[in-house]
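Chemist: So the protein lines, in turn, are chains A and B.
Here the first sequence stands for residues 1 to 255, numbered as in the numbering used here.
Here the second sequence stands for residues 1 to 255, numbered as in the numbering used here.
Since the hints were derived computationally from the structure, they do not count as laboratory data.
One or more of the hints may lead you astray.
Remember, identical chains collapse to one label, so a pair may be satisfied in a single copy or spanning two.
In silico DSS-like cross-links for lysine-lysine, where the CA-CA straight-line distance does not exceed 25 angstroms [claimed, not checked]:
hint	residue 1	residue 2
1	LYS20	LYS138
2	LYS21	LYS138
3	LYS135	LYS21
4	LYS135	LYS20
There are 2 protein chains.
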Amino acid sequence: MQEFAELASQLADAAGEIVKKYYRQPFDIEQKGDASPVTIADRAVEQCLRDLLETKRPDDGILGEEFGTKPSKNGLSWVIDPIDGTKSFMIGRPTFGTLIALCENDTPKIGVIDQAISGERWIGISGQATTMNGKHVKSRPCSSLSDAIICSTTPSMFDGMPAYYERFHEGKMGHGLIWGGDCYMYGLLASGHLDMTIEANLSPYDFAALIPVVEGAGGLICDYNGAPVTLNSDGCIIALGDPGLKVAVLNKLKD
Amino acid sequence: MQEFAELASQLADAAGEIVKKYYRQPFDIEQKGDASPVTIADRAVEQCLRDLLETKRPDDGILGEEFGTKPSKNGLSWVIDPIDGTKSFMIGRPTFGTLIALCENDTPKIGVIDQAISGERWIGISGQATTMNGKHVKSRPCSSLSDAIICSTTPSMFDGMPAYYERFHEGKMGHGLIWGGDCYMYGLLASGHLDMTIEANLSPYDFAALIPVVEGAGGLICDYNGAPVTLNSDGCIIALGDPGLKVAVLNKLKD
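Please take these sequences and the hints and turn them into a complete structure.
Modeler: Shown next as structure tokens:
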């Protein structure tokens, strides 16, 4: 796996160069079918990573946000979100990130969360301790859901099912969840700065890379039924810094 | 005013040293009456700035988030939010900031938004061009509300009046506002990266510093009735990068 992790890191280096070039520069914004903004940078990053993978790993599959799916010939697939958190990228807020995962069949084995502006890179490898800029990180213990600091990206991702996040408005924060998360919050969870995230309607390229990062830090990612998350999951996911909270969270979701 | 702006910058330097010391360190969190988290850092910063002001400007008033009001003997008052965006600070997200304003009676004349981790400092001085790290910045034109990129901090600040932000869910973003703003988004607006903010129930120390920063960049801050914002305002405020949007926004608020 180490060889693949090094390749993932090279991909993140290449992505970061492009991201830094376009960050906070004026540019046109297109509207996609789902109305999320797509920047020139988004496409440029994915094309660059696809080109590199075509050269170095021609038999591996690729699933990217912008340019669809290339089937795998060997069971390995790279799952790429060139800029996760495009809204944050658009407003010049460095909480977006490039997400790169390597999956064996449907299971993420390596994940990279790269924030090119702050220069923070989390790397998770199945069965190994997660690192941030080369140093081991650990998620933190949290003995009770009422003590948990809980984050998400935006209420609008829970379209038609706001009750799922509203159940978590009580607890430590009093005034509800902390919003504006993007992938960066999963890095912060892995590093022990927050306790839980809850998100909905994510796509595989949004969540694949997060799983090895969070789990290698001692945390847990599951769906709203408590099942492990694979590329086939429905995109409604919970991340916990302390896996001991899982039962309480699942009970709260059933309330 | 230049002399005061230099003092404000010295205060921000001192605050930043303390902020950096506590950032991402484990520490105890108290609960205030309004349930927002107050960190040791929050209090340490405000105490430090108060001590500096007592020495250098003993007759000036001080209004701070943590330690209340010292009356002014000369009509000048410093308005301080040691860490605006304490929730972001708690989770280790560098979108919080130290806010320092100098007011003449009830009107902010100087404002500083300082983000110590990213090393970004916006300084606004009444009647002068706003700077970010010494360079002039300008807010950007936006010809139509439907093209505006609109940000806020959290839906929960609109407690009991969600309609105020829900009116702005349409438009460019399709999926609604961009959340998780804190004071940093006013710096980003001043630098031309977003078009509008809408917030509610802010306190004077939350908004005083923002006014000279936004207005010196060519933008506008007003309340929901379109009136200029002073220390006596009700804390429901709109910021616009392009003042030409004001009529459209006020009409939308009356819808």
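Chemist: All hints, please: hold or fail.
Modeler: Checked hints:
1. LYS20 to LYS138: between (28 angstroms within a copy, 21 angstroms between copies)
2. LYS21 to LYS138: Classified as between: cross-chain Cα gap 21 angstroms, same-chain 32 angstroms, threshold 25 angstroms.
3. LYS135 to LYS21: Between copies only: 20 angstroms across, 27 angstroms inside.
4. LYS135 to LYS20: both (24 angstroms within a copy, 20 angstroms between copies)
Against the hints set out earlier in the document, no violation occurs for any number.
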